[in-house]
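Protein chains: 6
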Amino acid sequence: MVKKVYEYDLDESFDIYLLIKSADVRLAKNNKSFIAFTFQDRSGQIDGKFWDAKEDEINRFQAGTVVKVSGKRELYQNNPQLRISKMRIAQDVDAVSPEQFMERAPLRTEEMVEEINNTLFEITSAPINRIVRFILNKYHKAFFDYPAAKRLHHAFAGGLSYHTVSILRLAKTVASNYPGINESLLYGGVILHDIGKTIELSGAFSTEYTLKGNLIGHIVLVDEEITKACEALKIDEDTEDVILLKHVVLAHHGKLEFGSPVVPHLLEAEVIHHLDNLDASINMIDTALQRTTPGTFSERIFGLENRTFYHPNESVAVEKE
Amino acid sequence: MVKKVYEYDLDESFDIYLLIKSADVRLAKNNKSFIAFTFQDRSGQIDGKFWDAKEDEINRFQAGTVVKVSGKRELYQNNPQLRISKMRIAQDVDAVSPEQFMERAPLRTEEMVEEINNTLFEITSAPINRIVRFILNKYHKAFFDYPAAKRLHHAFAGGLSYHTVSILRLAKTVASNYPGINESLLYGGVILHDIGKTIELSGAFSTEYTLKGNLIGHIVLVDEEITKACEALKIDEDTEDVILLKHVVLAHHGKLEFGSPVVPHLLEAEVIHHLDNLDASINMIDTALQRTTPGTFSERIFGLENRTFYHPNESVAVEKE
Amino acid sequence: MVKKVYEYDLDESFDIYLLIKSADVRLAKNNKSFIAFTFQDRSGQIDGKFWDAKEDEINRFQAGTVVKVSGKRELYQNNPQLRISKMRIAQDVDAVSPEQFMERAPLRTEEMVEEINNTLFEITSAPINRIVRFILNKYHKAFFDYPAAKRLHHAFAGGLSYHTVSILRLAKTVASNYPGINESLLYGGVILHDIGKTIELSGAFSTEYTLKGNLIGHIVLVDEEITKACEALKIDEDTEDVILLKHVVLAHHGKLEFGSPVVPHLLEAEVIHHLDNLDASINMIDTALQRTTPGTFSERIFGLENRTFYHPNESVAVEKE
Amino acid sequence: MVKKVYEYDLDESFDIYLLIKSADVRLAKNNKSFIAFTFQDRSGQIDGKFWDAKEDEINRFQAGTVVKVSGKRELYQNNPQLRISKMRIAQDVDAVSPEQFMERAPLRTEEMVEEINNTLFEITSAPINRIVRFILNKYHKAFFDYPAAKRLHHAFAGGLSYHTVSILRLAKTVASNYPGINESLLYGGVILHDIGKTIELSGAFSTEYTLKGNLIGHIVLVDEEITKACEALKIDEDTEDVILLKHVVLAHHGKLEFGSPVVPHLLEAEVIHHLDNLDASINMIDTALQRTTPGTFSERIFGLENRTFYHPNESVAVEKE
Amino acid sequence: MVKKVYEYDLDESFDIYLLIKSADVRLAKNNKSFIAFTFQDRSGQIDGKFWDAKEDEINRFQAGTVVKVSGKRELYQNNPQLRISKMRIAQDVDAVSPEQFMERAPLRTEEMVEEINNTLFEITSAPINRIVRFILNKYHKAFFDYPAAKRLHHAFAGGLSYHTVSILRLAKTVASNYPGINESLLYGGVILHDIGKTIELSGAFSTEYTLKGNLIGHIVLVDEEITKACEALKIDEDTEDVILLKHVVLAHHGKLEFGSPVVPHLLEAEVIHHLDNLDASINMIDTALQRTTPGTFSERIFGLENRTFYHPNESVAVEKE
Amino acid sequence: MVKKVYEYDLDESFDIYLLIKSADVRLAKNNKSFIAFTFQDRSGQIDGKFWDAKEDEINRFQAGTVVKVSGKRELYQNNPQLRISKMRIAQDVDAVSPEQFMERAPLRTEEMVEEINNTLFEITSAPINRIVRFILNKYHKAFFDYPAAKRLHHAFAGGLSYHTVSILRLAKTVASNYPGINESLLYGGVILHDIGKTIELSGAFSTEYTLKGNLIGHIVLVDEEITKACEALKIDEDTEDVILLKHVVLAHHGKLEFGSPVVPHLLEAEVIHHLDNLDASINMIDTALQRTTPGTFSERIFGLENRTFYHPNESVAVEKE
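These protein sequence lines are chains X, W, R, E, D and A, in that order. Heads up: the first sequence begins at 549 in my numbering, then just goes up one per residue. Heads up: the second sequence begins at 549 in my numbering, then just goes up one per residue. Heads up: the third sequence begins at 549 in my numbering, then just goes up one per residue. Heads up: the fourth sequence begins at 549 in my numbering, then just goes up one per residue. Heads up: the fifth sequence begins at 549 in my numbering, then just goes up one per residue. Heads up: the sixth sequence begins at 549 in my numbering, then just goes up one per residue.
Because the hints were derived from the structure by calculation, they are not lab data. Don't take every hint at face value.
Chain copies aren't distinguished; within one or between two, either way the pair holds.
Lysine-lysine pairs mimicking DSSO-like chemistry, simulated, CA-CA at most 27 angstroms apart [said to hold, decoys possible]:
hint	residue 1	residue 2
1	K782	K634
2	K776	K602
3	K720	K602
4	K803	K551
5	K616	K551
6	K720	K597
7	K597	K782
8	K776	K689
9	K776	K686
10	K602	K569
11	K569	K720
12	K551	K776
13	K616	K782
14	K602	K620
15	K551	K689
16	K689	K616
17	K686	K720
18	K776	K580
19	K569	K634
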């Protein structure tokens with residue numbers, strides 16, 4: 549099994565294949581061009597600078613191509629950085645393809661599709677069930693392809709559906725422990741809560757915000773989709789369940805200052821807000837700790853008030869499974 | 549000309565007709581019932597308590613009826629209060645009707661209709677023009693009937709359209725002074741910005757929040773209406789002007805913590821936000837100052853961070869026509 | 549089965565037994581004494597005033613006695629209130645005892661003891677396991693008797709352990725879904741996180757803050773207990789697991805402004821913070837909704853930024869189980 | 549007509565005259581000196597670095613001289629930057645002078661003087677009229693020369709009076725739409741509100757804060773000027789109109805945290821605060837959008853909470869006038 | 549020695565002389581008038597209600613008269629309250645005068661005058677010395693008569709100068725411990741910092757805010773006085789020491805949101821801000837603790853974020869002096 | 549007497565001995581190594597870059613060695629920076645040792661020991677006296693060696709005890725001016741308040757946070773020490789004086805958001821909080837002003853909301869002793 553970039557020790561020399569995720573050409577202080585690369589393999593992403601880049605190198609080392617890099621991983625101001633000593637384009641004999649290097653959700657798409665489909669049977673409210681199926685169907689491909697965010701959490705292909713499935717699992721424990729929960733509303737809300745990101749973001753790779761993403765935002769975009777689903781399915785939009793479903797989506801950021809136009813006024817809205825936060829937090833911390841040497845603190849996590857997290861030594865966790 | 553309740557001096561005895569706006573029966577400490585009234589005439593509203601209310605008095609003194617009240621206006625903890633000494637139901641010979649006592653916008657409905665219709669001709673963007681006409685048409689009656697808020701500002705019949713027309717007038721000065729402004733977007737945005745209040749609120753009198761008002765809110769309700777207008781009018785909702793129009797409506801509260809799901813990213817969105825605030829502030833201060841003796845400070849205004857406002861003496865304003 | 553106070557409709561007359569939870573004698577405006585009661589049965593608590601109280605009534609109607617009350621439940625400024633028409637002390641023939649009227653956790657103590665004991669076997673870190681057992685043992689009785697708070701959430705006998713068990717159930721789902729979790733730390737932290745409330749609060753009934761509660765607070769009080777446990781058990785307090793355990797307890801309020809002296813820097817600290825919040829929120833909403841007529845909004849919930857929550861009509865939840 | 553720096557496309561080569569606004573000599577990583585220039589012409593300002601600067605180049609390329617530059621405009625981390633390929637001092641035959649390159653208010657000084665003078669006739673309160681004339685007279689030259697700020701908005705020669713005139717125009721619409729307004733106070737307040745900047749700032753070019761600017765601030769500096777005007781003009785400073793005039797100046801930042809020592813307690817103070825904000829916001833957005841390609845977002849605007857603004861495509865505005 | 553109202557135990561009956569500080573006549577729920585009194589003697593102030601007040605009682609029991617009251621001190625919602633059983637006007641034979649009941653600063657005026665005069669000799673900067681003497685002289689009587697605030701701290705006659713002297717004492721320790729301090733600036737700033745309260749407030753008794761107090765505020769009022777002193781004394785107001793003196797006064801609230809128009813940019817400004825806070829805090833806590841039974845917590849202190857303070861039992865302090 | 553680095557003028561060439569405080573080797577844009585030094589002597593610390601560092605230079609120029617540097621002090625973006633022209637290791641003939649270059653508290657250790665010992669006699673509460681002696685004894689060496697912070701204030705060897713002694717001096721003035729103060733509690737609290745920093749920080753030089761420092765924090769660490777002292781000294785931890793002592797330590801940051809788990813509820817806690825702030829602020833400003841040319845503003849001070857402080861010209865302070 550080939551070792552990946554984050555499986556090497558700091559300052560250990562290596563000679564590995566990496567995918568160029570992005571390549572920006574800039575002018576150095578010495579008036580020569582250099583390339584600011586972001587590389588990736590399935591262990592994560594890493595930046596690296598390629599100095600004194602010549603015209604043909606600039607042309608060849610484009611985003612999307614796989615390269616073989618000799619170098620090592622260093623720490624620069626507590627952030628990982630790749631120091632490149634040699635680099636060439638991968639060739640046919642190397643037998644590598646870009647797909648091998650892209651991070652993906654730890655669950656296969658089919659598993660996620662099935663888990664969500666099974667949940668649909670537990671949505672016993674007819675209007676909620678029909679609306680959720682309609683929207684899922686409309687954005688099916690993107691929903692299972694897109695990341696959950698451009699950068700913050702679950703920022704990998706399939707991240708959106710993986711985030712959704714993870715919350716659904718927590719939601720089921722909540723529903724079974726607290727009898728007052730309306731499962732139709734809870735599960736329907738979880739499945740739809742972030743699906744507007746398929747409109748807010750530009751795609752699974754080189755993800756950017758679209759104009760609608762910037763000017764309307766994924767929260768209201770879901771509300772629009774529910775409105776359109778009602779028109780298409782001839783569901784009266786004054787049905788209480790429709791209003792409730794819109795509310796749990798609109799309120800899922802929990803506070804006005806986080807971008808929800810209304811604060812939670814339903815038990816299920818409050819629960820979705822908490823579970824969304826919990827799953828995103830765990831994912832951000834997990835990602836950071838995987839790149840942190842035991843016994844030290846991680847880099848600062850932007851989405852968690854710039855806190856650092858400690859990776860414990862010889863934790864009991866090690867013995868787990 | 550008959551004097552109105554706020555035209556009498558403090559502690560001056562009077563004998564006038566008033567409309568009962570609301571009447572809550574409560575239990576006093578001495579175990580007898582009393583009625584907590586809110587009365588109104590066109591000079592404003594005032595609270596007053598009716599002690600030791602008998603069964604038949606409770607039945608007769610209902611909201612919506614006109615009464616003749618002997619009493620005086622007092623200050624209780626810096627708030628005006630009516631001290632009732634005698635009170636009876638108005639009769640036919642009194643020749644008074646509830647309409648005479650309801651506060652209304654200072655402009656007649658027809659004037660406001662005309663002013664808004666004239667503005668439509670200045671909206672030269674075809675999609676914006678068609679959407680605005682469609683929604684105005686759909687909610688025409690309510691738009692010219694409803695207040696702009698339950699309590700805070702323009703809380704009187706016709707207040708919603710009056711607030712809109714007032715902003716439009718300011719908007720025209722802005723458009724003529726700053727050449728970079730897109731008038732279609734500015735005027736379209738002003739007209740639609742609060743029209744969701746026709747769904748958020750229950751009506752022109754005894755106004756309450758509806759379920760949709762509480763759980764979705766007037767800002768997103770307008771966005772839904774634009775979405776539905778596009779479907780009805782076969783306008784592609786990816787047209788840039790449609791996205792811009794949605795944005796100026798969604799962003800008009802200016803900050804996330806004031807309930808906008810996105811902050812202004814368009815010049816026109818920023819302008820509408822400022823003018824909306826300006827007109828609402830002037831209306832709240834004006835209303836408070838009308839009830840404040842010159843040389844003293846008004847009661848605290850909730851919508852303006854509980855500030856009090858000073859009513860100057862012998863102001864130059866007095867000489868103004 | 550006897551109906552309880554919240555099982556009667558608003559304004560429906562009843563004749564029921566209630567426990568006097570507290571009884572404050574005050575002077576009315578008419579210079580006579582009245583008693584401000586808080587009554588309770590297992591459906592909840594309710595306030596009521598008893599006017600013109602005579603000396604012997606004041607002496608007899610003390611906190612802790614069961615009374616038979618004729619009256620009805622009213623709404624006063626959107627808060628429930630008991631209107632008393634007649635009231636007498638319960639007698640032997642009534643065959644009622646105070647215990648029958650006290651709210652308790654929905655789980656029996658033995659069930660909770662067993663659930664927590666079972667969890668102890670999953671704490672495989674020796675120092676954490678020994679410390680948790682030592683402290684649990686020391687405060688065993690109070691831990692299963694005390695409420696989780698004076699007023700905010702789980703404010704009933706046994707509420708502290710019930711809140712702990714509820715979080716433990718969620719914690720197990722989290723541990724099974726996210727492989728990076730250290731279960732010893734997570735479960736140990738959950739069990740200890742609020743146990744300082746047995747020192748912070750005065751007891752299971754008529755709960756007040758103690759001097760140590762006011763001046764040190766339950767968070768630091770747990771830290772002190774861990775320090776003392778280490779001394780007693782001869783565990784080196786520099787052991788990493790001890791430091792981690794202290795941290796997850798100290799950080800469980802999540803933010804400095806909520807009273808944690810440190811913010812979470814461990815994955816498990818972040819998770820405990822979220823689950824603690826989630827369980828407390830659900831309990832507060834549930835309690836409020838049980839007293840709210842379907843189709844209306846609850847009273848404001850102090851612990852949730854004064855939000856009101858909507859109790860939906862004919863919710864799908866009704867059909868559940 | 550000669551094209552200006554912001555009229556060229558990004559990355560289009562040009563050969564134009566520019567004024568050196570500032571020139572800082574620094575040491576590069578390669579131990580050679582470079583010059584960090586800010587250039588300007590009437591289309592705006594732009595930074596550019598001149599590498600490997602020799603002694604005589606450092607001596608010749610000083611702030612205030614006009615140069616001919618060959619190069620192109622680039623984007624560096626979303627900020628415009630000038631890439632210099634060649635550069636020489638302009639000579640007599642080039643027939644260019646620094647004044648041609650300085651940004652100025654879009655109105656001529658005489659127009660602004662006249663507009664303000666005309667307004668003085670509408671200030672019918674004698675004390676306000678005399679005070680305003682006295683102060684205007686004292687700071688006349690600076691008032692029509694200075695910028696309105698060092699960097700944030702209207703940061704060009706004549707910007708202070710231009711900002712004042714722009715607000716006056718809005719103020720007149722407000723006064724004509726809302727009858728409760730005291731025009732003497734409103735117009736007097738607008739004219740004086742920022743005149744303390746003639747003391748706070750060092751001058752029209754290379755503007756810095758003075759010691760009084762830093763330690764007293766322009767708001768209190770105006771209050772001092774009113775105090776001194778009263779002494780000079782023998783106006784009793786306890787005259788209500790004087791107190792009101794001071795208040796509208798002191799309160800014009802609207803909130804304590806924005807540097808006003810008192811919050812608005814007069815209708816006119818509230819209005820001036822809003823109009824000041826509105827005009828400054830429009831100016832900042834306008835300036836940013838002029839440098840932004842249609843269909844993209846501007847750089848972040850510091851004075852507007854770091855928001856970016858979108859420059860729409862084929863906006864209807866294009867067809868205007 | 550006659551015992552004062554706060555020297556009696558709670559609920560202990562007494563028969564003492566008190567000064568009526570204020571007397572508001574209000575209407576009770578039973579439609580009879582009652583008087584809401586505030587009484588005071590040198591141990592503090594206390595409220596009390598007088599029910600069923602007759603016309604002649606209302607006329608006789610006016611603010612400023614001394615009465616003999618039979619009653620006791622009670623706690624009402626944790627606030628002290630006087631329960632009146634009998635009350636009559638004091639007569640000549642009682643040999644009491646209002647002055648005996650007014651709280652005053654614990655130092656005699658002459659002591660304070662001397663202490664401040666001595667300090668003037670340590671102000672070696674000529675302009676600061678002259679300005680401080682000029683202003684002190686101008687407001688001499690009020691400065692030694694007024695309270696330091698209407699309610700918050702040092703709210704008694706002479707409180708303003710007492711607060712000033714207390715800070716001066718601390719300031720001298722600071723100056724002797726930290727050699728970098730400019731004593732002229734520090735002592736001059738301390739003496740002037742709150743002297744604007746002689747204009748902001750209406751007088752030593754029944755203190756209210758004046759119009760200038762409300763619309764300009766004591767901080768800027770001092771700045772105006774320095775400006776006028778410079779004119780009168782022909783001191784150039786651009787002298788650095790004058791600017792520094794203005795700054796330490798303007799900045800003494802420490803933060804913009806507390807009403808300073810500039811934040812401290814001088815060491816001495818920072819020191820004055822801290823000492824002002826420290827002295828005010830100690831005074832507020834001391835006042836509250838004097839009315840608090842040992843072993844219990846005080847009422848909430850508004851000026852200290854509504855915190856309560858604990859009055860310890862058998863504190864070592866008891867043995868002091 | 550040899551001149552120190554901050555005693556030379558800006559841009560004046562010098563040839564002086566400096567201690568290397570830290571030396572980080574980094575890669576320059578030209579692919580050569582450079583060393584980022586922090587140097588220090590007793591006038592302060594200063595950064596400087598050494599370009600094109602060779603292997604043997606990297607090996608020789610290590611932290612802890614004294615070097616002779618030719619160069620000058622420059623300003624880079626308003627921060628002082630050392631421009632190195634030549635540099636060599638100090639040799640025996642140079643007769644310099646690292647100790648000569650380390651900043652230390654301005655008081656000798658013995659003076660501080662004596663001052664604190666004398667204070668112990670004024671702590672008349674037996675439990676407080678014994679606890680303070682026990683903890684002081686346990687951490688004696690570190691307490692007089694450590695800095696008070698890693699960077700913010702008193703960041704030099706002995707800074708912790710120096711900060712403590714400085715506060716004690718202020719505390720004695722407070723105790724003598726305000727009779728309500730409990731001196732045992734005040735002095736005991738001052739001595740212990742920051743002693744947890746001996747556990748939180750790693751040592752007197754190259755100071756870093758320890759794991760306990762990061763995860764528990766110095767405030768709670770003192771509380772633990774008091775708990776352990778009680779166990780060791782057989783003092784009942786429910787003694788009121790023990791609870792009070794813990795409280796003044798826990799509350800000394802004054803607000804929850806500054807890391808205190810409880811806010812001050814004791815007069816002495818409030819006083820310690822203020823004096824701690826005052827002494828830290830003066831130290832930070834003093835340090836900054838020493839490096840600031842008279843007539844200019846200092847660099848921004850991070851610990852004081854990034855404010856800059858003005859160093860006045862020809863201040864009266866100059867004449868002081």
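Hint check:
| no. | hint | result |
| --- | --- | --- |
| 1 | K782 / K634 | neither (62 angstroms within a copy, 55 angstroms between copies) |
| 2 | K776 / K602 | neither (53 angstroms within a copy, 55 angstroms between copies) |
| 3 | K720 / K602 | neither (56 angstroms within a copy, 56 angstroms between copies) |
| 4 | K803 / K551 | neither (43 angstroms within a copy, 39 angstroms between copies) |
| 5 | K616 / K551 | within (13 angstroms within a copy, 47 angstroms between copies) |
| 6 | K720 / K597 | neither (46 angstroms within a copy, 44 angstroms between copies) |
| 7 | K597 / K782 | neither (56 angstroms within a copy, 51 angstroms between copies) |
| 8 | K776 / K689 | both (19 angstroms within a copy, 25 angstroms between copies) |
| 9 | K776 / K686 | both (11 angstroms within a copy, 18 angstroms between copies) |
| 10 | K602 / K569 | within (20 angstroms within a copy, 35 angstroms between copies) |
| 11 | K569 / K720 | neither (37 angstroms within a copy, 38 angstroms between copies) |
| 12 | K551 / K776 | neither (49 angstroms within a copy, 46 angstroms between copies) |
| 13 | K616 / K782 | neither (57 angstroms within a copy, 53 angstroms between copies) |
| 14 | K602 / K620 | both (22 angstroms within a copy, 21 angstroms between copies) |
| 15 | K551 / K689 | neither (32 angstroms within a copy, 49 angstroms between copies) |
| 16 | K689 / K616 | neither (32 angstroms within a copy, 56 angstroms between copies) |
| 17 | K686 / K720 | within (25 angstroms within a copy, 35 angstroms between copies) |
| 18 | K776 / K580 | neither (54 angstroms within a copy, 55 angstroms between copies) |
| 19 | K569 / K634 | within (18 angstroms within a copy, 35 angstroms between copies) |
Of the hints listed earlier, those the structure fails to meet are numbers 1, 2, 3, 4, 6, 7, 11, 12, 13, 15, 16, 18, in rising order.
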